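Novice: Residue numbers (the working numbering), protein chains in the order written: chain A, 5 to 265; chain B, 75 to 386.
It should be emphasised that the hints constitute simulated quantities derived from the structure, not laboratory data. Please read these numbers as outputs of a predicted model, since none were measured by experiment. Where a beta carbon is used, it is the ideal one built from N, C-alpha and C, also for glycine. Take the hints with a grain of salt, since some may be wrong.
Here are the simulated SDA-like cross-link-like pairs (lysine to any residue), alpha carbons at most 20 Å apart as the crow flies [to be verified]:
hint: 1; chain 1: A; residue 1: Lys101; chain 2: B; residue 2: Gly200
hint: 2; chain 1: B; residue 1: Lys206; chain 2: A; residue 2: Trp30
hint: 3; chain 1: B; residue 1: Lys217; chain 2: A; residue 2: Lys265
hint: 4; chain 1: A; residue 1: Lys101; chain 2: B; residue 2: Gly203
hint: 5; chain 1: A; residue 1: Lys101; chain 2: B; residue 2: Gly87
hint: 6; chain 1: A; residue 1: Lys265; chain 2: B; residue 2: Gly81
hint: 7; chain 1: A; residue 1: Lys101; chain 2: A; residue 2: Gln202
hint: 8; chain 1: A; residue 1: Lys101; chain 2: B; residue 2: Pro190
hint: 9; chain 1: A; residue 1: Lys32; chain 2: B; residue 2: Asp205
hint: 10; chain 1: B; residue 1: Lys229; chain 2: B; residue 2: Pro244
hint: 11; chain 1: A; residue 1: Lys101; chain 2: B; residue 2: Gly81
hint: 12; chain 1: B; residue 1: Lys206; chain 2: A; residue 2: Ser16
hint: 13; chain 1: A; residue 1: Lys32; chain 2: B; residue 2: Ile209
hint: 14; chain 1: A; residue 1: Lys32; chain 2: A; residue 2: Ala43
hint: 15; chain 1: B; residue 1: Lys206; chain 2: B; residue 2: Pro166
hint: 16; chain 1: A; residue 1: Lys265; chain 2: B; residue 2: Glu202
hint: 17; chain 1: A; residue 1: Lys101; chain 2: A; residue 2: Ala245
hint: 18; chain 1: A; residue 1: Lys101; chain 2: B; residue 2: Ile188
hint: 19; chain 1: A; residue 1: Lys32; chain 2: B; residue 2: Gly81
hint: 20; chain 1: A; residue 1: Lys265; chain 2: B; residue 2: Thr240
hint: 21; chain 1: B; residue 1: Lys229; chain 2: B; residue 2: Gly200
hint: 22; chain 1: A; residue 1: Lys265; chain 2: B; residue 2: Gly203
hint: 23; chain 1: A; residue 1: Lys101; chain 2: B; residue 2: Ala92
hint: 24; chain 1: A; residue 1: Lys265; chain 2: B; residue 2: Pro166
hint: 25; chain 1: A; residue 1: Lys265; chain 2: B; residue 2: Pro143
hint: 26; chain 1: B; residue 1: Lys217; chain 2: B; residue 2: Glu202
hint: 27; chain 1: A; residue 1: Lys265; chain 2: B; residue 2: Ser134
hint: 28; chain 1: B; residue 1: Lys206; chain 2: A; residue 2: Arg261
hint: 29; chain 1: B; residue 1: Lys217; chain 2: B; residue 2: Gly203
hint: 30; chain 1: A; residue 1: Lys32; chain 2: B; residue 2: Glu172
A few chain A residues facing chain B, derived, Cβ under 7 Å [said to hold, decoys possible]:
hint: 31; residue: Ala34
hint: 32; residue: Ile106
hint: 33; residue: Ile111
hint: 34; residue: Arg261
hint: 35; residue: Arg262
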Amino acid sequence: MTPNHFAPPRLSLRLFAVWRRNFLVWRKLALPSIVGNLADPVIYMLGLGYGLGMLVPEVEGVSYIAFLAGGTLCYSTMNAATFEVLYSGFSRMHVQKTWEAIMNAPIALDDIVAAELVWAASKSCLAGTAILAVIAIFGFTASPLALAAIPVIFLTGLCFAALGLIMTALAPSYDFFMYYFTLFITPMTLMSGVFFPQNQLPDSVRTIADLLPLSHAVSIVRPLLLGQMPQQAGLHLAVLAMVTVLAFWLALALTRRRLLK
Amino acid sequence: MPLEINGLVKRFGSGADAREVVRGIDLKLRPGECFALLGPNGAGKTTTLRCALGLTGASSGSITLCGLPVPEQAREARARVGVVPQLDSLDPDFTCAENLIVFAGYFGIRESEIRPRIPELLAFAGLEGKDKARIQSLSGGMKRRLTLARALVNKPELLILDEPTTGLDPQARHLIWERLRRLTAEGTTILLTTHFMDEAERLANRLAILDAGRILVQGTPREVIAAHIEPQVVEVFGEWDSAGAGAAAWAEAHAATLSKRCEISGETAFCYTDDATALLAHLARQPGLRTLHRPANLEDVFLKLTGRELRD
C-alpha cells in the first residue's frame with residue numbers, strides 16, 4: 005500500500021487559516037519586509053535606468069528607464085515569491101516545525117503546501133504593487149492599463165512560488181538554495197528581457213529564453229505599463245498558469261514524499 | 075472508543091531495503107484512561123502515533139481514531155484529538171496568546187470564541203499573565219506547558235503526548251503530571267509515550283512495553299510487574315575482597331544460590347528474588363560490598379524484556 009504521492013491535491017478551506025498565520029507573522033515585521041522588497045529593486049531601477057539610460061537613448065521606442073520599469077516589476081515579484089517559499093518556507097517546514105504542528109490539527113499537508121503557494125504569491129503581489137506605485141509616482145507609467153499588471157504579477161508570484169516549492173521540498177539545508185539562484189534564477193533574469201530586449205540574444209539562446217516563465221511575465225507586463233495591449237497575452241498567461249500547475253503538482257508530490265513517511 | 079489499532083504494520087522502503095518498524099501492534103484505549111507506550115529508542119512508538127493520527131499510511135492493519143477510520147477520515151478525527159509533539163513547534167514570532175489563537179484557527183475556532191478561554195488555558199499550564207510573553211523568553215518547561223495548553227484549544231476527547239517530560243526539571247515534570255491527572259479526572263483519554271518508568275508507573279492506568287515494533291507486555295503497571303519480575307531487588311556494588319574483585323566476581327560465586335536470578339551490568343549485580351532475607355544476611359558479612367534493597371519496579375521489567383544494551 006504505497007501511497008501515490010502524485011495523487012491530485014485534496015484541499016480544504018482550512019488552508020486559509022494557514023495563509024492567515026503567515027500573514028499575521030508578516031504583519032508584525034511588515035515595515036522591514038516592505039522596505040526590503042521595495043528599496044532594492046527601486047534602487048536598481050533608478051541606478052541602471054538613469055546611469056545606463058544616459059548611454060542608451062531609447063529602447064524599443066521608449067526611454068531606457070521606462071523600458072526597465074516593466075522588467076523590474078516582474079523580476080522583483082519573482083524574487084519576492086522565490087525568497088518566501090525558499091527561505092521562509094524552509095524555516096517553517098524544517099527548522100521551526102511549524103508544518104508538523106499544523107498537521108496535528110485537522111489540516112492536511114496538501115492544504116499547507118497550497119497555503120504556502122498562495123501566501124508567497126500574495127506577498128510578492130503586494131511587493132510588486134508597491135513597486136508599481138513607485139513607478140507611477142516617478143511617472144514611468146501613466147496608463148490605466150498598468151493596473152491590469154497587478155493580476156498578472158499575482159500569477160507570476162504563483163508561478164515562481166510553485167517552482168520554488170520544488171526546491172524547498174528537496175533542500176537538505178539553506179545552502180542548497182544557492183544552486184537554484186545561480187543556475188536558474190540569475191541566468192533566467194538575464195535571458196528574459198528584464199534589462200535588455202530579447203532580440204539582442206543569439207538565436208539559440210532565444211529559443212531557450214522563450215520557454216522561461218519570466219519571459220512570458222515580462223511580455224505581458226511591459227506593454228501594459230507602456231499603455232499598449234500585449235500581443236499573444238493569452239499564450240503568455242497560459243504558459244504561466246501551466247507552469248504553476250505542473251510545478252505545484254511536482255512540489256506537492258516531493259513534499260509528501262519528504263514529510264508523510 | 076478513543077483509539078483502536080488492529081494488526082498495525084509499518085514498513086519503510088521497499089524490496090530488499092524494506093525495514094519493518096512496526097510489526098503487528100494491537101491497542102485498544104478505554105475512554106478516560108491514561109495509557110503509556112514504553113520502549114527504547116527505535117521501538118516504533120512515534121511511528122505508531124503518526125499512523126494513529128493519519129500522518130503516515132500504515133503498510134497494513136486498521137486504525138479507528140475517535141470512532142472514525144484512519145487515514146480515510148483522519149482530518150475529521152484529528153479535530154477531536156490534541157497532540158503534544160516530541161519537539162517544540164511553537165511559533166517563535168507570536169506571543170503565548172497568539173500561539174493559542176492561531177492554533178485554534180486551524181480547528182476552525184474563531185478568535186472571539188478562543189480569546190475568553192485564554193486566561194483559563196494559560197492558568198492550566200501554569201503560565202498566568204504570560205499572554206503577551208514572547209516564546210523566546212520562555213524556559214523549556216514553560217514551552218512544553220504552553221504546548222500542552224495549545225493541544226487543548228479544541229477540548230480534545232483524546233490527548234496524545236510524545237515524551238511530554240523529556241528534558242524537563244523535576245518541578246516542571248510534577249506540574250505536567252498533576253495537570254494530566256486532572257485531565258483524566260475530567261474524562262479526557264490520554265495516550266503518552268515515555269522513557270521514564272516512574273512517569274508511566276505514576277500516571278498510567280495501563281501500559282504496553284514495545285520493542286522492535288512489537289508489544290511485549292500489556293496491562294496495569296502492577297500486573298506487569300507482578301507477572302514479569304520477582305518482587306524484590308538487591309543491587310550489589312563495591313569491593314568484594316582486598317585483591318580488588320568486585321560485585322561481578324561476588325555474583326559469579328554466590329548469586330545463583332542466594333537469588334532467583336541475577337543480572338550483571340558493569341560492576342553492579344542486580345539480584346532478583348522473592349525473599350531477600352538470606353541474601354541480605356550473607357551480604358552483611360561482606361564488608362566491602364554495598365547494597366541497595368528495594369521493591370522491583372517497572373524499570374526492572376523493562377530492562378529484563380528489552381535488554382541492557384544501548385539503543386541508538
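Novice: Confirm or reject each hint.
Specialist: Okay, the hints, checked on the actual structure:
For the suggested pair lysine 101 of chain A and glycine 200 of chain B, the alpha carbons sit about 24 Å apart, so the restraint of at most 20 Å is broken. Between lysine 206 of chain B and tryptophan 30 of chain A, the direct Cα distance comes to roughly 18 Å. Compliance with the 20 Å bound is thereby established for this hinted pair. In summary, the hint linking lysine 217 of chain B to lysine 265 of chain A is not supported, as the alpha carbons are separated by about 27 Å, beyond the 20 Å threshold. Pair hint lysine 101 of chain A plus glycine 203 of chain B does not hold up; C-alpha atoms about 26 Å apart against a cutoff of 20 Å.
With a C-alpha separation of about 24 Å, the suggested pairing of lysine 101 of chain A with glycine 87 of chain B is violated against the 20 Å cut-off. Under the criterion of a C-alpha separation no larger than 20 Å, the hint pairing lysine 265 of chain A with glycine 81 of chain B is consistent with the structure, at around 19 Å. With a C-alpha separation of about 43 Å, the suggested pairing of lysine 101 of chain A with glutamine 202 of chain A is violated against the 20 Å cut-off. Note on lysine 101 of chain A and proline 190 of chain B: the hinted pairing is violated, with a Cα-Cα distance of about 28 Å set against a maximum of 20 Å.
At most 20 Å may separate the alpha-carbon atoms for a hinted pair to count; lysine 32 of chain A and aspartate 205 of chain B meet this at roughly 17 Å. A C-alpha spacing of about 27 Å is found between lysine 229 of chain B and proline 244 of chain B, which places the hinted pair above 20 Å, so the restraint is violated. Using a Cα cut-off of 20 Å, the hinted pair lysine 101 of chain A and glycine 81 of chain B is violated, with the two alpha carbons roughly 30 Å apart. Using a Cα cut-off of 20 Å, the hinted pair lysine 206 of chain B and serine 16 of chain A is violated, with the two alpha carbons roughly 31 Å apart.
Only pairs whose Cα atoms come within 20 Å are accepted, and lysine 32 of chain A paired with isoleucine 209 of chain B is accepted, the gap being roughly 15 Å. The hinted pair formed by lysine 32 of chain A and alanine 43 of chain A meets the criterion: a straight-line CA distance of about 19 Å does not exceed 20 Å. For a cut-off of 20 Å, the pair hint linking lysine 206 of chain B to proline 166 of chain B stands: about 13 Å separates their Cα positions. With a C-alpha separation of about 38 Å, the suggested pair lysine 265 of chain A and glutamate 202 of chain B falls outside the 20 Å cut-off, and the hint is violated.
About 30 Å separates the Cα atoms of lysine 101 of chain A and alanine 245 of chain A, which puts this hinted pair outside 20 Å; it is violated. At most 20 Å may separate the alpha-carbon atoms for a hinted pair to count; lysine 101 of chain A and isoleucine 188 of chain B exceed this at roughly 23 Å. A threshold of 20 Å between alpha carbons decides the hint, and for lysine 32 of chain A with glycine 81 of chain B the separation of about 48 Å lies outside it, so the pair is violated. Distance restraint check for lysine 265 of chain A and threonine 240 of chain B: the Cα-Cα separation of roughly 24 Å exceeds the 20 Å cut-off, and the hinted pair is therefore not satisfied.
A hinted pair counts as satisfied when its Cα atoms are at most 20 Å apart, and lysine 229 of chain B with glycine 200 of chain B qualifies at roughly 18 Å. Of the supplied pair hints, the one linking lysine 265 of chain A and glycine 203 of chain B is violated, its CA atoms being roughly 39 Å apart against a limit of 20 Å. For the given pair, lysine 101 of chain A sits about 27 Å from alanine 92 of chain B by alpha-carbon distance, which is inconsistent with the 20 Å threshold. Only pairs whose Cα atoms come within 20 Å are accepted, and lysine 265 of chain A paired with proline 166 of chain B is rejected, the gap being roughly 26 Å.
Between lysine 265 of chain A and proline 143 of chain B the alpha-carbon distance is near 19 Å, which keeps this suggested pair within the 20 Å criterion. With a C-alpha separation of about 13 Å, the suggested pairing of lysine 217 of chain B with glutamate 202 of chain B holds against the 20 Å cut-off. With a C-alpha separation of about 14 Å, the suggested pair lysine 265 of chain A and serine 134 of chain B falls inside the 20 Å cut-off, and the hint holds. Pair hint lysine 206 of chain B plus arginine 261 of chain A does not hold up; C-alpha atoms about 38 Å apart against a cutoff of 20 Å.
A threshold of 20 Å between alpha carbons decides the hint, and for lysine 217 of chain B with glycine 203 of chain B the separation of about 15 Å falls inside it, so the pair holds. Pair hint lysine 32 of chain A plus glutamate 172 of chain B holds up; C-alpha atoms about 12 Å apart against a cutoff of 20 Å. Evaluation of the alanine 34 of chain A hint against chain B yields a violated restraint, the C-beta minimum of about 12 Å exceeding 7 Å. Proximity of isoleucine 106 of chain A to chain B holds as hinted, the smallest CB-CB distance being about 6 Å (cut-off 7 Å).
Contact between isoleucine 111 of chain A and chain B, as hinted, is supported at the beta carbon level, the nearest pair being about 5 Å apart and thus within 7 Å. Taking 7 Å as the C-beta cut-off, the interface hint given for arginine 261 of chain A is violated, the closest approach to chain B being about 11 Å. Residue-level restraint check for arginine 262 of chain A is violated (minimum Cβ-Cβ distance to chain B is 12 Å; threshold 7 Å).
Checked against the numbered hints given earlier, the structure breaks hints 1, 3, 4, 5, 7, 8, 10, 11, 12, 16, 17, 18, 19, 20, 22, 23, 24, 28, 31, 34, 35 and satisfies all the rest.
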